[in-house]
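*Asks:* Turn these sequences into a full structure, and let the hints steer you where they fit.
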Amino acid sequence: MPLRSRNPLFIAASGFTLWMLFWVPVVLWAYGPQNFLWLCNLSKFLLLYALWRGHRLIASSQAGLVCLVGVVWTLDFALGLASGGQLANFTAYMFNPDTPWLARSTSLYHSALPVLGFWLVWRLGYDRRGPWLQSIIGVPAVVGTWLWTEPERNVNWVFAPFGIEQVWLPEPLFVLCLVFAYPLLLYLPGHFLVLALLRFFARRRSEP
268 MPLRSRNPLF
278 IAASGFTLWM
288 LFWVPVVLWA
298 YGPQNFLWLC
308 NLSKFLLLYA
318 LWRGHRLIAS
328 SQAGLVCLVG
338 VVWTLDFALG
348 LASGGQLANF
358 TAYMFNPDTP
368 WLARSTSLYH
378 SALPVLGFWL
388 VWRLGYDRRG
398 PWLQSIIGVP
408 AVVGTWLWTE
418 PERNVNWVFA
428 PFGIEQVWLP
438 EPLFVLCLVF
448 AYPLLLYLPG
458 HFLVLALLRF
468 FARRRSEP
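Position 201, counted from 1, in the sequence shown is what the working numbering calls 468; the numbers after and before it change by one each time, with no gaps.
Just so you know, these hints were derived from the structure itself, not from any lab. All residues carry an ideal CB built from backbone N, CA and C; glycine is no exception. Take every hint as true, because none was put in to throw you off.
For each label pair, taking beta carbons as the anchor points, the in silico distance ranges come out as:
1) S350 - N302: 22 to 30 Å
2) T284 - I431: 36 to 44 Å
3) L414 - S350: 35 to 43 Å
4) P439 - G351: 37 to 45 Å
*Replies:* What follows is the structure, given as C-alpha coordinates:
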(Lines of atoms letter the chains of each structure in order from A and count residues from 1; the text may use other names and numbers.)
(Lines give C-alpha, C1' and ligand atoms only; values in the text may rest on other atoms or scores of the structure.)
Protein backbone atom coordinates (compact mmCIF):
# COMPACT_ATOMS: atom_id res chain seq x y z
CA MET A 1 0.00 0.00 0.00
CA PRO A 2 1.48 3.38 -0.99
CA LEU A 3 2.07 5.96 1.72
CA ARG A 4 -0.63 8.63 1.76
CA SER A 5 -0.03 10.66 4.90
CA ARG A 6 2.50 11.52 7.56
CA ASN A 7 2.27 8.22 9.38
CA PRO A 8 5.18 6.31 10.96
CA LEU A 9 5.92 4.52 7.69
CA PHE A 10 6.22 7.85 5.90
CA ILE A 11 8.53 9.21 8.57
CA ALA A 12 10.70 6.06 8.51
CA ALA A 13 10.80 6.03 4.71
CA SER A 14 11.80 9.69 4.58
CA GLY A 15 14.55 9.25 7.16
CA PHE A 16 15.88 6.12 5.47
CA THR A 17 15.87 7.89 2.10
CA LEU A 18 18.03 10.66 3.54
CA TRP A 19 20.43 8.02 4.86
CA MET A 20 20.60 6.33 1.44
CA LEU A 21 21.29 9.66 -0.25
CA PHE A 22 24.30 9.98 2.04
CA TRP A 23 25.39 6.33 2.00
CA VAL A 24 25.33 5.66 -1.76
CA PRO A 25 27.84 8.40 -2.71
CA VAL A 26 30.15 7.36 0.13
CA VAL A 27 30.17 3.74 -1.06
CA LEU A 28 30.77 4.79 -4.67
CA TRP A 29 33.67 6.98 -3.56
CA ALA A 30 35.29 4.48 -1.22
CA TYR A 31 34.52 1.08 -2.77
CA GLY A 32 32.93 1.50 -6.18
CA PRO A 33 29.61 0.15 -7.50
CA GLN A 34 30.59 -3.50 -7.06
CA ASN A 35 30.12 -3.10 -3.32
CA PHE A 36 26.37 -2.79 -3.84
CA LEU A 37 26.27 -6.49 -4.76
CA TRP A 38 26.75 -7.51 -1.14
CA LEU A 39 23.48 -9.16 -0.12
CA CYS A 40 23.15 -6.88 2.92
CA ASN A 41 23.65 -3.82 0.71
CA LEU A 42 21.06 -4.99 -1.79
CA SER A 43 18.71 -5.40 1.16
CA LYS A 44 18.87 -1.69 1.84
CA PHE A 45 17.49 -0.83 -1.59
CA LEU A 46 14.75 -3.43 -1.27
CA LEU A 47 13.79 -2.24 2.21
CA LEU A 48 13.69 1.33 0.92
CA TYR A 49 11.17 0.24 -1.71
CA ALA A 50 9.19 -1.74 0.86
CA LEU A 51 9.05 1.29 3.14
CA TRP A 52 7.69 3.62 0.49
CA ARG A 53 5.24 1.11 -0.94
CA GLY A 54 4.30 -0.66 2.27
CA HIS A 55 5.21 -3.90 0.49
CA ARG A 56 4.79 -6.73 2.96
CA LEU A 57 6.39 -9.53 0.92
CA ILE A 58 9.52 -7.61 -0.01
CA ALA A 59 9.93 -6.42 3.57
CA SER A 60 9.56 -10.02 4.76
CA SER A 61 12.09 -11.28 2.22
CA GLN A 62 14.78 -9.01 3.71
CA ALA A 63 13.93 -9.02 7.41
CA GLY A 64 15.52 -12.38 8.21
CA LEU A 65 18.67 -11.59 6.26
CA VAL A 66 19.30 -8.20 7.83
CA CYS A 67 18.41 -9.40 11.34
CA LEU A 68 20.74 -12.40 11.26
CA VAL A 69 23.60 -10.61 9.50
CA GLY A 70 23.17 -7.60 11.77
CA VAL A 71 23.38 -9.66 14.95
CA VAL A 72 26.48 -11.55 13.77
CA TRP A 73 28.13 -8.36 12.48
CA THR A 74 27.47 -6.47 15.71
CA LEU A 75 28.80 -9.27 17.92
CA ASP A 76 31.92 -9.61 15.78
CA PHE A 77 32.47 -5.85 15.83
CA ALA A 78 32.05 -5.75 19.61
CA LEU A 79 34.63 -8.52 19.89
CA GLY A 80 36.93 -6.52 17.67
CA LEU A 81 36.50 -3.41 19.79
CA ALA A 82 37.26 -5.36 22.95
CA SER A 83 40.41 -6.85 21.44
CA GLY A 84 41.71 -3.82 19.59
CA GLY A 85 40.72 -5.42 16.30
CA GLN A 86 42.68 -8.59 16.89
CA LEU A 87 39.71 -10.93 17.19
CA ALA A 88 37.51 -9.34 14.54
CA ASN A 89 36.67 -11.64 11.63
CA PHE A 90 33.82 -10.38 9.46
CA THR A 91 34.46 -6.83 10.64
CA ALA A 92 38.25 -6.78 10.34
CA TYR A 93 37.93 -4.07 7.70
CA MET A 94 36.49 -1.76 10.37
CA PHE A 95 39.92 -1.69 12.00
CA ASN A 96 41.90 -1.19 8.79
CA PRO A 97 43.37 2.35 8.78
CA ASP A 98 43.87 2.14 5.00
CA THR A 99 40.10 2.31 4.56
CA PRO A 100 38.73 5.86 4.96
CA TRP A 101 37.09 6.33 8.35
CA LEU A 102 33.97 7.78 6.75
CA ALA A 103 33.45 4.64 4.70
CA ARG A 104 34.01 2.44 7.74
CA SER A 105 31.60 4.45 9.85
CA THR A 106 28.79 3.93 7.34
CA SER A 107 29.05 0.17 7.96
CA LEU A 108 27.58 0.74 11.39
CA TYR A 109 24.23 0.51 9.63
CA HIS A 110 24.54 -3.26 10.13
CA SER A 111 23.61 -2.70 13.77
CA ALA A 112 20.64 -0.44 13.04
CA LEU A 113 19.14 -2.12 9.97
CA PRO A 114 17.83 -5.16 11.90
CA VAL A 115 15.73 -2.81 14.03
CA LEU A 116 14.25 -1.18 10.94
CA GLY A 117 13.67 -4.49 9.16
CA PHE A 118 11.98 -6.06 12.15
CA TRP A 119 9.89 -2.98 12.88
CA LEU A 120 8.69 -2.96 9.28
CA VAL A 121 7.42 -6.56 9.34
CA TRP A 122 5.97 -6.01 12.81
CA ARG A 123 3.96 -3.13 11.41
CA LEU A 124 3.05 -4.58 8.00
CA GLY A 125 2.81 -8.22 9.03
CA TYR A 126 5.21 -11.01 8.19
CA ASP A 127 4.77 -12.95 4.95
CA ARG A 128 6.18 -16.46 5.31
CA ARG A 129 6.95 -16.53 1.59
CA GLY A 130 9.75 -14.06 2.30
CA PRO A 131 12.63 -16.56 2.45
CA TRP A 132 11.51 -18.07 -0.87
CA LEU A 133 11.59 -14.67 -2.53
CA GLN A 134 15.00 -13.94 -1.02
CA SER A 135 16.27 -17.27 -2.36
CA ILE A 136 15.26 -16.12 -5.84
CA ILE A 137 16.80 -12.67 -5.36
CA GLY A 138 20.00 -14.23 -4.08
CA VAL A 139 20.68 -16.23 -7.24
CA PRO A 140 21.51 -13.32 -9.59
CA ALA A 141 23.25 -11.53 -6.72
CA VAL A 142 25.63 -14.42 -6.04
CA VAL A 143 26.20 -15.25 -9.71
CA GLY A 144 26.63 -11.58 -10.58
CA THR A 145 29.18 -11.22 -7.81
CA TRP A 146 31.21 -14.08 -9.25
CA LEU A 147 31.04 -12.67 -12.78
CA TRP A 148 31.54 -8.97 -12.14
CA THR A 149 33.67 -8.49 -9.03
CA GLU A 150 37.38 -8.94 -8.37
CA PRO A 151 38.43 -11.92 -6.22
CA GLU A 152 40.27 -9.67 -3.74
CA ARG A 153 36.96 -8.01 -2.86
CA ASN A 154 35.48 -11.38 -1.92
CA VAL A 155 31.95 -9.97 -2.17
CA ASN A 156 29.40 -12.42 -0.73
CA TRP A 157 32.33 -14.74 -0.02
CA VAL A 158 32.19 -16.24 -3.48
CA PHE A 159 35.99 -16.50 -3.66
CA ALA A 160 37.08 -17.03 -0.05
CA PRO A 161 34.42 -18.21 2.42
CA PHE A 162 35.31 -17.06 5.96
CA GLY A 163 38.42 -15.52 4.43
CA ILE A 164 39.79 -18.92 3.36
CA GLU A 165 40.69 -19.18 -0.31
CA GLN A 166 38.37 -21.54 -2.13
CA VAL A 167 40.52 -24.20 -3.82
CA TRP A 168 38.37 -27.30 -3.36
CA LEU A 169 35.94 -26.99 -6.25
CA PRO A 170 35.87 -25.46 -9.73
CA GLU A 171 34.55 -21.92 -9.40
CA PRO A 172 31.25 -22.50 -11.28
CA LEU A 173 30.48 -25.52 -9.09
CA PHE A 174 31.31 -23.63 -5.90
CA VAL A 175 29.05 -20.74 -6.92
CA LEU A 176 26.27 -23.25 -7.58
CA CYS A 177 26.81 -24.66 -4.08
CA LEU A 178 26.56 -21.16 -2.62
CA VAL A 179 23.26 -20.60 -4.39
CA PHE A 180 21.85 -23.54 -2.40
CA ALA A 181 23.87 -22.93 0.76
CA TYR A 182 22.73 -19.37 1.41
CA PRO A 183 19.05 -20.29 1.78
CA LEU A 184 19.95 -23.08 4.21
CA LEU A 185 22.59 -21.21 6.22
CA LEU A 186 21.33 -17.63 6.04
CA TYR A 187 17.80 -17.03 4.78
CA LEU A 188 16.09 -19.89 6.63
CA PRO A 189 17.80 -19.27 10.00
CA GLY A 190 16.97 -15.58 9.58
CA HIS A 191 13.35 -16.54 8.92
CA PHE A 192 13.19 -18.52 12.16
CA LEU A 193 14.89 -15.68 14.05
CA VAL A 194 12.24 -13.21 12.88
CA LEU A 195 9.43 -15.64 13.77
CA ALA A 196 10.90 -16.10 17.25
CA LEU A 197 11.16 -12.34 17.76
CA LEU A 198 7.62 -11.79 16.53
CA ARG A 199 6.30 -14.41 18.95
CA PHE A 200 8.31 -12.93 21.81
CA PHE A 201 7.07 -9.39 21.29
CA ALA A 202 3.52 -10.57 20.66
CA ARG A 203 3.56 -12.30 24.07
CA ARG A 204 5.00 -9.20 25.72
CA ARG A 205 2.34 -7.08 24.11
CA SER A 206 -0.46 -9.36 25.30
CA GLU A 207 0.74 -9.46 28.88
CA PRO A 208 -1.32 -7.36 31.32
